[in-house]
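Student: Here's the letter readout for the chains.
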Amino acid sequence: MLFNSFPFIFLFFPITLLIYFLLSKSKTSFLQLMWIATASFIFYGYWKKTYLILLLGSVCFNFAFAQYLMQDKNKFIFILGLLFNVAVLFYFKYTAFFIHNISKLTGFHFFIPNIALPLGISFITFQKIAYLVDVYRGKVKDNNFLNYLVFISFFPQLIAGPIVHYNQIMSQFSNIRTKFFSYRYFNVGMTLFVIGLAKKVLLADTAALYADPVFAAMNQGISLTFQETWIGILAYTFQIYFDFSGYSDMAIGLARVLGIRLPLNFNSPYKAVNIIDFWRRWHMTLSRFLRDYIYIPLGGNRNGNIRKYTNLMITMLVGGLWHGANWTFVIWGGLHGLYLMVNHMWVSVCNTFRLHRIVQTYFYKLTSTFITFSFVIFAWVFFRSPNLATVKKAFHGLFGLHGFGIPETSYLHQMPLINMIKSIFTLDPSFSVTGLGSCLYLILMLAIIWLLPNSQELVRIIRKPGLLLKLLVWKPNLAHLMITMSLLYISLGFMCDFEIKPFEYFAF
Amino acid sequence: MPSVESFKVRHRVWFFSFLIGNLFIIFLAIIANPYRLLPISLTITGINDIKPNLYEYQRYVKVFDMAHKRPKTVLLGSSRILWGVDPKHPVLQQKHYTPVYNGGVLGPPMYEIKKYFDHALTSQPNLKRVILGLDFYAFNQKFDGRTFLLEDSFGKNEKQLLKIHSNLAYDVKAIFLTLKDSILRKQCKSLREDGRLTPAPLEMREIYKDFFKIDEKRQVNNKTLVTKENAAPQMRNILYGDFKLSKIDMDALRHIVDVCQKHNIELYIFTTPPYMDKKKGSELLVYHKNGIWNDYINFLRELASIHPYWNFVSWNEITTDKNNYVDGSHFVFSVGDMILNRMFNIPDSSIPKNFGNYVTVKNVDQFVQNLELAYEQSVKSAQYNGG
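Heads up: the protein sequence lines correspond to chains A and B, in order.
For the first sequence, our numbering assigns the number 27 to the initial residue and increments by one for each residue that follows.
For the second sequence, our numbering assigns the number 43 to the initial residue and increments by one for each residue that follows.
None of these hints come from the bench; they were simulated from the model.
Treat the hints with care, as some may be off.
Said to hold, decoys possible - Derived EDC-like pairs: lysine to aspartate or glutamate, alpha-carbon spacing no greater than 20 angstroms straight-line:
| no. | chain 1 | residue 1 | chain 2 | residue 2 |
| --- | --- | --- | --- | --- |
| 1 | B | 304 | B | 160 |
| 2 | B | 170 | B | 223 |
| 3 | A | 418 | A | 168 |
| 4 | B | 289 | B | 160 |
| 5 | A | 75 | B | 200 |
| 6 | B | 215 | B | 91 |
| 7 | B | 157 | B | 47 |
| 8 | B | 364 | B | 319 |
| 9 | B | 130 | B | 300 |
| 10 | A | 74 | B | 194 |
| 11 | A | 74 | B | 418 |
| 12 | A | 501 | B | 47 |
To be verified - Simulated DEER-style distance windows between Cβ atoms:
| no. | chain 1 | residue 1 | chain 2 | residue 2 | range |
| --- | --- | --- | --- | --- | --- |
| 13 | B | 164 | A | 79 | 22 to 30 angstroms |
| 14 | B | 55 | A | 495 | 17 to 25 angstroms |
| 15 | B | 340 | A | 131 | 36 to 44 angstroms |
| 16 | B | 194 | A | 381 | 54 to 62 angstroms |
| 17 | A | 64 | B | 183 | 25 to 33 angstroms |
| 18 | A | 64 | B | 164 | 47 to 55 angstroms |
| 19 | B | 194 | A | 40 | 38 to 46 angstroms |
| 20 | B | 55 | A | 371 | 53 to 61 angstroms |
| 21 | B | 148 | A | 37 | 27 to 35 angstroms |
| 22 | B | 403 | A | 126 | 38 to 46 angstroms |
| 23 | A | 377 | B | 65 | 54 to 62 angstroms |
| 24 | A | 50 | B | 202 | 53 to 61 angstroms |
| 25 | B | 148 | A | 41 | 51 to 59 angstroms |
| 26 | A | 37 | B | 164 | 22 to 30 angstroms |
No residue lacks a Cβ here, since even glycine has one placed at the ideal position from N, Cα and C.
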């Protein structure tokens, strides 16, 4: 079930919520947890019932491993547990990729099976690994199966995170304040959900209208001009951010309505002043997972610079591969590894030559934000392209090797958004808004990501000073009620006009 | 600085306002039910009885309706079926043959009609009867390969379709349009529960003045798209321009015939009659002008070799009477009734003898010869009348 679907918004969530808080009258939280687990399984099984068997099966195996580890901290069992999870992930996600590459290397034509990728398997696997590690380290001592089931299957973050630790979530479920309905939690949670929905439907899905045709054309070997390529790739840069951060906002909002605080996943990443900063703001829970469970176990920065950079690169390559079974993802990860290495070297240079004053200047920050954003965009080319031939086409387009301008046959002339803008403002249909419209659209997107506060700041999960923020910050008043309701129904209106798109990160 | 208590009160008020606001809109969605997707179907005149989106999104609606109502008799074809053939005709209301559903849609090529047929059979494996109205343009090769929005919807059951199109149930614009038009009593085309156009043509003449009589000038890039003067020729160019008989469409027809034979489904095929203007000629004149007369004759012969059919495209008191037509293409329900009466052998004194010929492999040569003679006479008559 998609968060941005009518059955979820009008049936699943209201019913789940109602029953959950009706059950709060029982003395223990057992019934509430049972209900959350049931609802989560309905949520997951809505796509394909067979996924439920896989989910339940892997939950049982992991719980058995954890139970053993609680009794006896056996390293062999611990590694076996980790391998089991990695093997399941490998089977579903990487078998075809692996066989394909073996075939290419050896020249033999092995049979490549067509294995359907269960939804959210990468996220679920990471969460289960985090649990096993926490149990092995003695951080988790709870041996209640129902609690574990809720931890793994909790529907707001089941499919695409945020990736959480057991204690982070289950300690909240055992808290008496979580048991009962809170008007404040509901209001803040719903507002965040609506902001996330609007980000997804109004911003990400409309950006996709620009990005998808560009990558589809380049994948078909069509050469695009400088403007066309830039518009498409910038649009994808906005799409991926609004899509995933929109999903995270919705997840955090839904959990908040149920009284659970999920960790933040995005904090205006395109405002980052360098790549280190970017990874502290982009998919924050994944960054922490990679740091805690790959980078630090590899040695982190404890054994000199060369080891530190090697560890960084390995971590980012794994992070890239985690996103998808394709060399383009590995290169994307490697590219970010390289960026991080250069960034760490620059930090060393700044420390050595005491350049702190320059680094603190407004001009430096502005320039470095722009440079960081540009390098992130270049990396997205690899992330979005289905193969290296498309990457090549994209870079040729980005550097103007296929010419400039918007040709007569350009996909931009077919943009539904352009027609929509025309219909909204009843412009003269003969008036060409192709180039102008695209530019205005991209400028609007840039203004949103660089000038406006982010959703967490708006609902005061993150508190920051500033006059604009003071004006915009959510309050339980009539103005914000009207804004929230309008945003909700404009988004719902868009959902009726456009095909409902699943979230980008569901594929990872 | 508001006190903690007032902050709590404000949160409570905000919550209830948000809840009531949303419940109110859900209530409106249920009342309006603009696409009839919700299980609660309550029609209140002046509140929700006029649902314009049903007509606008008729393809979605018809696919869903077929899966939902699982009709045992389906009427298939183009807008001539949708506009002119009434599923409530007594001859169709026989026991074991109901429910009857009008599955006609605007401008479908034959292979799209085949999709509706297959969908009807998937929805109702016990399908008893198919009445298929054919238009020549539906066999134009230039429509081959046209993709449909509904590609993923055909063959799905009601539950699966609800899953795909559930967003339409809460289409905010459609909800308000339904309520607005119903309250303001705005007349517009819609669909009855059995798929038929409503209101009936002639009941509301002012809303049926379009198609061949579009009194509208639209300029796009300084190019006139449609005007009152050029609407008919333009439409005919769209439908019959570059005509080549499509193999895909003929195969689609054969498929329907074969499946009906295999499943013992009664199949009635007829050619739908346009207005045969005595002065300006007729649709047949367009075939001549476009150089596709031979294609048309070949089509009629091939059709007879596939399945016997009733031909209504000819000159007679019915097809030359303007009062029987809404425009140059669409006949009214009384003509639809006569077509059904003729095909089902119901005695009807108002039907002239030359309205409808039953064409089979045996008499197709004679029929074609007669049609050519009639055409020549009509051309002469048109010339005599200055047409």
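Student: So, for every hint listed, does it hold in this structure?
Tutor: Here is what the structure says about each hint:
no.	hint	in the structure
1	304/B with 160/B	holds, 13 angstroms
2	170/B with 223/B	violated, 37 angstroms
3	418/A with 168/A	violated, 52 angstroms
4	289/B with 160/B	holds, 19 angstroms
5	75/A with 200/B	holds, 19 angstroms
6	215/B with 91/B	holds, 16 angstroms
7	157/B with 47/B	violated, 63 angstroms
8	364/B with 319/B	holds, 8 angstroms
9	130/B with 300/B	violated, 27 angstroms
10	74/A with 194/B	holds, 17 angstroms
11	74/A with 418/B	violated, 64 angstroms
12	501/A with 47/B	holds, 15 angstroms
13	164/B with 79/A: 22 to 30 angstroms	holds, 28 angstroms
14	55/B with 495/A: 17 to 25 angstroms	holds, 24 angstroms
15	340/B with 131/A: 36 to 44 angstroms	violated, 59 angstroms
16	194/B with 381/A: 54 to 62 angstroms	holds, 58 angstroms
17	64/A with 183/B: 25 to 33 angstroms	violated, 55 angstroms
18	64/A with 164/B: 47 to 55 angstroms	violated, 33 angstroms
19	194/B with 40/A: 38 to 46 angstroms	violated, 28 angstroms
20	55/B with 371/A: 53 to 61 angstroms	holds, 56 angstroms
21	148/B with 37/A: 27 to 35 angstroms	holds, 33 angstroms
22	403/B with 126/A: 38 to 46 angstroms	violated, 56 angstroms
23	377/A with 65/B: 54 to 62 angstroms	holds, 60 angstroms
24	50/A with 202/B: 53 to 61 angstroms	violated, 36 angstroms
25	148/B with 41/A: 51 to 59 angstroms	violated, 39 angstroms
26	37/A with 164/B: 22 to 30 angstroms	holds, 26 angstroms
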